[in-house]
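Q: In order, the protein sequence lines correspond to chains V and E.
FYI, in full-length UniProt numbering the residues of the first sequence are 1 to 408.
FYI, in full-length UniProt numbering the residues of the second sequence are 1 to 408.
Worth flagging that the hints you see were computed from the coordinates, not collected in a lab.
Since no wrong hints were added, every one of them can be taken at face value.
Note: identical chains are not told apart, hence a pair may lie in one copy or across any two.
Straight-line C-alpha distance at most 30 Å; calculated DSSO-like pairs for lysine-lysine:
#, residue 1, residue 2
1, K129, K353
2, K301, K71
3, K71, K341
4, K31, K131
5, K71, K133
6, K341, K31
7, K31, K353
8, K353, K131
9, K341, K353
10, K341, K371
11, K129, K71
12, K31, K371
13, K71, K215
14, K341, K129
15, K371, K301
16, K301, K353
2 protein chains.
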Amino acid sequence: MSHAISPLASPFPALPAIAGATPRVARARYKEWDRCDLTYVELDENTAVAGVFTRNICCSSEVELGRLNVKQGRARALIVNAGNSNAFTGYRGREAVEQIMDQVAAHLGCAREQVFVSSTGVIGVPLPKDKAKEGVDNALTAAPCSWEDAANTIGTTDTFAKGATATAIVGGQTVTFSAIIKGSGMIAPDMATMLGYIFTDAAINPAYLQELLTKAANETFNCITVDSDTSTSDTVLAFATGRAGNTIINCEGCEGADAFAAALSDVCRQLAHLVVKDGEGAQKFIAVSVTGAVSDESARKIGMAIANSPLVKTAIAGEDANWGRIVMAVGKAGEPADRDKLSIGFGGVWQAKDGQPLPDYDEAPVAAHLKGQEISIEVDIGLGEGRATVWTCDLTHGYISINADYRS
Amino acid sequence: MSHAISPLASPFPALPAIAGATPRVARARYKEWDRCDLTYVELDENTAVAGVFTRNICCSSEVELGRLNVKQGRARALIVNAGNSNAFTGYRGREAVEQIMDQVAAHLGCAREQVFVSSTGVIGVPLPKDKAKEGVDNALTAAPCSWEDAANTIGTTDTFAKGATATAIVGGQTVTFSAIIKGSGMIAPDMATMLGYIFTDAAINPAYLQELLTKAANETFNCITVDSDTSTSDTVLAFATGRAGNTIINCEGCEGADAFAAALSDVCRQLAHLVVKDGEGAQKFIAVSVTGAVSDESARKIGMAIANSPLVKTAIAGEDANWGRIVMAVGKAGEPADRDKLSIGFGGVWQAKDGQPLPDYDEAPVAAHLKGQEISIEVDIGLGEGRATVWTCDLTHGYISINADYRS
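With these hints in hand, go ahead and build the complete structure from the sequences.
A: Laid out in structure tokens, this is it:
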């Protein structure tokens with residue numbers, strides 16, 4: 001955590017323990033640093049697992065194996081390596097992951113497929129097997145630690161530790177979520193990746209957990225962008241230990257399913273926002289709300305075109321209500337839009353309506369809004385009922401310094 | 001031209017006069033500035049015209065009318081307004097363009113459709129009709145000027161005037177091209193747009209000129225990116241006066257068609273490179289060559305994903321041979337690629353082959369190459385015969401300063 005703490009950082013929340021999920025950390029010394037860099041979470045038998053992974057086709061072996069193994073639905077352990085992403089390392093990288101899976105499976109007496117491994121850090125250097133072996137040995141026998149320790153240990157260029165929690169009532173029973181995430185820019189300098197882990201004591205069918213996680217991810221993790229770049233290792237895993245004692249959640253409409261889904265979605269949104277708030281160089285958190293598109297997906301694409309536009313992001317950094325750049329971004333999104341039906345606002349104040357600037361537009365409240373840390377941009381396409389909100393941060397000198405100047 | 005001159009600037013070349021195309025400039029005073037900002041080029045009767053325009057669907061009235069009128073194939077005049085893009089201004093903006101077309105058409109005694117108008121500058125402010133009228137009046141009666149004067153007059157945030165020339169032998173006759181362009185970032189702060197104008201004395205059928213211009217633009221203007229943002233007003237027009245006395249070029253394979261096409265393509269490439277070299281904050285010119293893709297179009301898309309990646313562009317700014325970021329960009333391009341067949345090099349030196357870093361890779365020549373101003377990135381996908389080269393610039397503090405800090 002070499003850079004200044006993000007001005008948008010929040011304190012780490014009090015994350016409850018999750019029965020059946022025990023975190024431990026250790027030192028594998030993947031880099032020359034004096035910190036824990038290997039995280040191990042032991043999970044009770046019958047823990048359900050679901051996962052969403054990067055769409056980047058040059059993904060790491062960790063992602064390939066995770067995507068495959070999540071299908072059998074059960075997990076006994078999670079290992080996270082920080083400091084080396086093991087991406088673009090060919091068969092040697094794959095062997096290192098398989099060695100870790102075997103080592104943990106032997107310790108727990110479980111199937112290798114129930115051990116999930118993630119790695120984050122430098123690309124193109126195979127994960128050193130000897131360091132991994134020693135680190136895993138240490139972690140397997142370490143004392144249990146807090147979720148905050150685990151959140152710090154999975155971090156690389158993150159400037160603050162990130163966690164989220166929620167509860168839901170399922171059939172009269174309270175189920176609890178504790179979740180951690182790392183990420184700061186889609187890829188940080190030679191480091192990589194957003195990695196998120198959600199732990200709950202709820203009992204839930206793994207296929208249904210997967211369905212809910214995919215849906216929640218589409219509305220949260222897939223609606224954030226820092227720099228439009230997609231890591232080779234992005235991973236979010238949800239683990240449900242079943243220890244809360246609720247009647248198992250099996251499908252849509254069954255008791256507590258809605259409450260569980262809402263809490264899961266809430267946790268995902270909290271985690272996604274935290275990653276944006278630690279975006280490289282971020283000074284402002286930006287919510288882009290698009291309404292009136294021809295569909296929700298069209299609204300999301302238009303929102304992402306705005307959120308990914310360097311000119312929009314630098315305008316917000318400059319506290320400039322530059323709606324012309326938003327017009328430009330809407331027009332290049334490749335989605336249905338009509339220049340003469342487009343309306344644009346900042347902080348709830350419309351600046352342009354139906355394709356023309358409002359003659360009586362009052363700049364003062366907009367200028368005040370743009371001086372704050374939480375910025376909202378509203379865009380109405382004027383064509384339909386589709387809507388979406390996406391989140392990003394501004395583009396500042398800090399981003400350039402982190403990504404271009406760090407060698408000096 | 002308020003910013004420091006680009007370190008990649010070149011001196012304005014000696015552009016020959018083109019028989020039948022006479023430039024003049026005047027002051028319309030669209031902004032509070034002491035410079036000419038209205039350009040008028042009078043064209044001989046029967047001048048052939050072709051054009052390519054922005055794909056941004058929130059385009060200006062100038063683009064809408066130009067796209068429509070280019071179809072009749074003949075031009076008598078070009079008017080370019082600098083300082084106001086007239087984009088996103090509804091019917092009032094359209095009326096201003098039509099007024100200019102009528103005014104020039106009355107003066108020349110030609111059809112209104114033969115008057116082409118472009119505007120570049122602030123978005124969302126209708127072009128003031130009174131200023132336009134007076135500026136056009138002045139320009140119609142001004143003394144002819146040089147192409148360099150015209151290049152300076154169409155510029156907005158450009159840091160240097162940009163021109164290109166070429167010749168071709170068509171049926172024993174020399175035909176000459178003189179061309180000017182403005183652009184610096186796809187949209188500059190509150191200013192906009194790449195506008196390019198190519199003048200030749202060749203005699204050519206307008207439909208065939210359109211075919212050749214579209215093809216040349218696809219390989220040049222559509223292969224550059226500064227910041228991935230697409231202006232609402234981008235326009236390139238080619239005018240052929242027919243005064244060279246060559247046998248008219250009518251179709252592919254006819255005498256001189258290949259030579260003409262090559263010269264046109266050469267001029268387009270020169271102009272496109274000049275825009276990149278004046279990219280906002282640019283310190284380095286980057287050529288990305290992609291080979292081994294499944295098709296040329298696939299290679300172009302992969303190249304653009306690399307050229308648009310903020311992480312790749314900041315790495316080059318930092319003189320860092322960060323091939324991991326190129327792997328990432330290839331993987332997110334959405335085109336066929338195989339991690340284990342991918343090879344990446346800088347300045348002609350392969351750094352990774354077949355999905356793995358080369359163990360005996362020599363960093364010294366790559367480090368030396370990256371210290372230069374002209375950088376090449378080579379990517380071989382290893383799947384087919386598709387190839388493309390795209391051009392961009394690095395992403396520096398200068399870009400942020402120009403686009404975020406300019407209000408201070």
